[in-house]
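Chemist: Following the hints, position chain B against chain A.
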Amino acid sequence: MPIRVDPKFIDVLDHYGAEDVQLCYQCGDCSTVCPHADEIYKFPRKSMRLLQMGLSQKIETTLEPWLCYYCGQCSTQCPREADPGETMMSLRRWLISRYDFTGIAALFFKSRRIEILSVLFISLLTGIFLGYYGFSGGSVHIYDGEGAFLPSTFIHQFDLMVGAILAVFLVVNAIHMWYLVMIKGTTFSVPWWLYLKELYQLPWHFFTQKRYSECEKKHKHPFFMPWFIHLGLMLGYVTMLVIVMVFIEELQAGPEIHWPVHIFGYLATIGLLSGTIYFIRKRLKKNYVQYKKSHGTDWVFVTLLFIIVLTGIFQHVFHRTGLFELANITYVFHLMVVVPWLLRMPFTKWAHLIYRPMAMYLAAIRRDAIIRQKVVTDPYLVLIK
Amino acid sequence: MNNCRTGVYICSCGTNIAKIVDVDAVVSFAAGLPDVVLARTYKYMCSNPGQEMITQDIRENHLDRVVVAACSPNMHERTFRTALKSACLNQYLLEMANIREQCSWVHTDPIEATEKAKALVHAAICRVRLHESLDSISVRMCPNVLVIGGGIAGMTAALELADAGNTVYLVEKDDHLGGNLARVDLTAPYLYSATDLLTERITRILDSEKVNVFLASKVTELTGFIGNFKATIQSPNVKLAAYNKPVEVEIGNVVVCTGYKEFDASRIIHYGYGKLPNVITSFELEKMIRTGRIETKEGKIPGYVAIIHCVGSRSQEFHTYCSRVCCMTALKYAQEIKSAIPGCYISDVYIDMHAFGKGHEDFYRRSSEAKTLFLMYEKGDRPVIHKASPKDDCEMLIEVNEKLSGELIEIPADLIILMVGMEAREDSHEIARIVNISQDKDGWFIESHPKLEPVATTTDGIFIAGTCVAPKDIPDTVAQSRAAAARILGRIAKGRIEVDALYSEVNEDKCSGCRFCNQLCPFSAIEFDKEKGHSHIISALCKGCGVCVAACPSSAIRGRHFTDEQLLAQIDGLFYDYG
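Same order as they appear, the protein sequences are chains A and B. The working numbering applies: residue 1376 is where the first sequence begins, and numbers increase by one. The working numbering applies: residue 137 is where the second sequence begins, and numbers increase by one.
For the record, the hints were derived by calculation from the structure and aren't laboratory data. Among the hints, erroneous ones may be present.
To be verified - One-sided excerpt, in silico: chain A residues whose CB lies under 10 Å from chain B:
1. 1379
2. 1380
3. 1382
4. 1383
5. 1385
6. 1386
7. 1398
8. 1399
9. 1427
10. 1429
11. 1435
12. 1455
13. 1457
14. 1538
15. 1742
16. 1747
To be verified - Negatives, chain B to chain A, calculated, CB over 12 Å:
17. 234
18. 323
19. 382
20. 481
21. 500
22. 535
23. 538
24. 541
25. 548
26. 659
We treat Cβ as the ideally placed atom computed from N, Cα and C, and that holds for glycine.
If we strip away everything but chain A, and leave its shape as in the complex, we get:
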């Protein structure tokens, strides 16, 4: 059965940032320079082609966009300036909206206004709720313990609730991703034990982002590699998330410093602060191809994170220096950004925290299965990346 070409799809992807795809004439330069493309996962050329032809039902089952870390070499090499790197980025955005069953992600990517309004709305709602809670039961002069404005036990419960909502969305979307890739998009049989064999891929790629480091050949010192900064940012983020979700009581206690907990907080803050500053700077300077075209959602992401880090630092400093009223007010503002930020997660770029390692995992399973059965997926393109 022939697959229907959809010439309109290219216009849909315009909202996700793929503007120059139709310039591509399939020379394959991009796949040749790509350090990650191989015989089984052929990209960006083939992904570009599927997108040009609007074969969305094929693209949603592919993992290739997740295997790209946007080093930008393909876009630099492209003789037609078709920007394959940005196309892969746009496809990741589109896939996030495709995995999301609610349709919220698609709305966010398509309309900046809706995204910002929803952030403001959740933010206000959080502010009103926390303000009401604080003033009805506690005192703005007390930061922690008995009669606190926002007692840590309450915040802990609040955090867990937000975390649970987040987890539901993420798990459902990840299952959807698995369904699309491994059931809908896999025509050959995959033995169950491959899922066990490759299970180590999940933590390995989550914590090291090894493949990202393989992209960066042009930066001599690892300290200046986006991979290193990105890893710091991500580890800082995850550490902070664990501290907030599990050790919030110890974190909020004070004013003396609890080194066993706070040392992790400080390290995480360094990672987060340097990461956000680095990426904001790159996006403003635009001197690397991968930072030239920032999508609106990229800016919302990095700006909100920067505000969270700043308010978190201020709140900590105010508390430790005895300015409890200021600390409490900053705390409310901090949470007013944190809550919409967390709830926004499954529908935005942030979700790649889950999808990337998941994609590496599934890609490894698929590769094993293909090699095992010597399945030639495409007679035309075996020799071409």
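Modeler: Frame of chain A; chain B shown alone:
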């Protein structure tokens, strides 16, 4: 036989000849032959020092025959004839032995090849003894020109010739000028209006006193030879002549610009042309564009348009050649349709994108920027057009194996444009017969040399230009027309024309008047003189091919420079036993 003084020159041709043939051995062999005054070798005989060596030897040693053993006479006979001329020796007293193409290039054994070279040189020496001094003939060049075809090619040539002050007879079979270009709206890649290109020319031609335009007319007969042709034009519109009475004009040269016709798309059944109402040809779309409304037969604005390339071109079943203009025309449509209907999606189904001309690659890029979807199909694996089902949002579906993705796909389309290729006109065979030129397997007229003589033909005085030679775009067509005009103007400027002395002669005493030769002559150079009862060869038209010489049952015809005696002497020389 008089003793003659022959000079023999053996060329090494760099190492082309010398690496297989022992040139020094050939030189010493030749030097020992009777009548040979001197024999020399040189690295490049055709070079200036080589030619000067020959000229000087003729003067100093009073040579009266020259043999050059080198490459093919096709390559350098003219060069060495000039060398003879500049030493005041008749140019026909030269004979060339081809020891390159016919010896060193095709043999590997040096000893055998050297022996063969010796034989060839000996044969040439034997032949040249019998050469005669011949004089080239010179004929009057009539300055009038006949141009057949009133398209862009014909009009350009006509204007170029008329502007130089010559009378031009422009014969057009249609009742208007403009040809195929008049059916086009804009031209790729600069989007000039075809009407603008044509109007200026048509007005100038109609206003010109020098150009006589014959519309709805045909050339029915052409007799005579270069500089002295007589053409018969069948025309309904000549005021002086009675209705339908042919007009006879005297001309010196002819430019044939009869153009092309488009491929009949209904020959490809896969495309359903003629059956599916919204499958149209590129010329039908041009018509729509000129009326200002691109729509389906039902009057709807198409949401999807598909353009299929190479309809009739580049296929084993129809025409193997590329029609050259369709790729750019298709890109032009993609851009025109997108700008006329911004909500319309255009798919461009092609085999290869040939964007070779000036500005073409940029034009291709602009079509990509207009978000045209380019889909590639394999040559020989043609797309198939189906009607879509009612629940689809399109009229038709094109099924094709897409080469770049390797997927079997279907493309939605409301309107499908077939880029019909160019083919030779049906009447081109008749034209070829009338003006005595040849056609290739596809019906295109054959040029005298595809690279060095692109507008001349094997019949002197007949030139070809534009798409009757092969598919080409407007700039190439115009360039050819102007080239043909320039060639003719050069000849007109001379007033007379030198014709090669290699023609045949009829010995009137021997001729029985059987007229065998009249029919055999490929150049229509033999007339029959009814009064005297024998055939006569028009020397200016004769190419000296020798067909009549061989055919004449009374041996009444003699080929100058190719007499029986000369040929027999050459053969004797070749088979001489050197011992």
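Chemist: Next step is simple, just say for each hint if it's right about the structure.
Modeler: How the hints compare with the structure:
Evaluation of the residue 1379(A) hint against chain B yields a held restraint, the C-beta minimum of about 5 Å falling below 10 Å. Look at residue 1380(A): its Cβ gets to within about 5 Å of chain B, closer than 10 Å, so that hint holds up. Below 10 Å, beta-carbon pairs count as interface contacts, and residue 1382(A) has one with chain B at about 4 Å; its hint therefore holds. Interface restraint check for residue 1383(A): the shortest CB-CB distance to chain B comes to about 6 Å, inside 10 Å, so the restraint holds.
Because the beta carbon of residue 1385(A) sits about 6 Å from the nearest beta carbon in chain B, less than 10 Å, this interface hint is met. A least Cβ separation of about 8 Å between residue 1386(A) and chain B falls short of the 10 Å threshold, and the interface hint therefore holds. About 5 Å separates the beta-carbon of residue 1398(A) from the nearest beta-carbon of chain B, less than 10 Å, and the hint is met. Annotation: interface hint on residue 1399(A) holds; nearest CB of chain B at approximately 8 Å, less than 10 Å.
The restraint placing residue 1427(A) at the interface with chain B holds, with a minimum CB-CB distance near 6 Å, inside the 10 Å limit. For the restraint placing residue 1429(A) at the interface with chain B, the shortest Cβ-Cβ distance is roughly 8 Å, inside the 10 Å limit, so the hint holds. Annotation: residue 1435(A) was flagged as interfacial toward chain B, and the flag is violated, the nearest CB pair being 15 Å apart, outside 10 Å. Because the beta carbon of residue 1455(A) sits about 7 Å from the nearest beta carbon in chain B, less than 10 Å, this interface hint is met.
Taking 10 Å as the C-beta contact cut-off toward chain B, the hint placing residue 1457(A) at the interface holds, the least distance being around 8 Å. With 10 Å as the threshold, the beta carbon of residue 1538(A) stays out of range of chain B, its nearest partner Cβ sitting at about 43 Å, so the hint is violated. Taken as an interface hint, residue 1742(A) does not check out: its beta carbon lies about 19 Å from the nearest beta carbon of chain B, beyond 10 Å. The restraint placing residue 1747(A) at the interface with chain B is violated, with a minimum CB-CB distance near 22 Å, outside the 10 Å limit.
Every C-beta of chain A lies more than 12 Å from that of residue 234(B), the closest at about 47 Å, which supports listing it as non-interface. With a least beta-carbon separation of about 24 Å from chain A, residue 323(B) lies farther than 12 Å from that chain, consistent with its non-interface assignment. Every beta carbon of chain A lies more than 12 Å from that of residue 382(B), the smallest distance being close to 56 Å; the non-interface claim holds. A Cβ of chain A approaches the Cβ of residue 481(B) within 12 Å, the least distance being about 4 Å, so the stated non-interface status is violated.
Interface exclusion of residue 500(B) from chain A breaks down, the closest Cβ pair being 8 Å apart, not more than 12 Å. Separation of residue 535(B) from chain A is inadequate, the least Cβ-Cβ distance of about 5 Å not exceeding the 12 Å criterion. For residue 538(B), the requirement that its beta carbon stay farther than 12 Å from each beta carbon of chain A is not met, with the minimum near 7 Å. Annotated as non-interface, residue 541(B) brings its C-beta within 12 Å of a C-beta of chain A; the closest such distance is 5 Å.
Not every CB of chain A is more than 12 Å from the CB of residue 548(B) (nearest about 7 Å), against its label as outside the interface. Every C-beta of chain A lies more than 12 Å from that of residue 659(B), the closest at about 51 Å, which supports listing it as non-interface.
In this structure, the earlier hints numbered 11, 14, 15, 16, 20, 21, 22, 23, 24 and 25 are contradicted, and the remaining ones agree with it.
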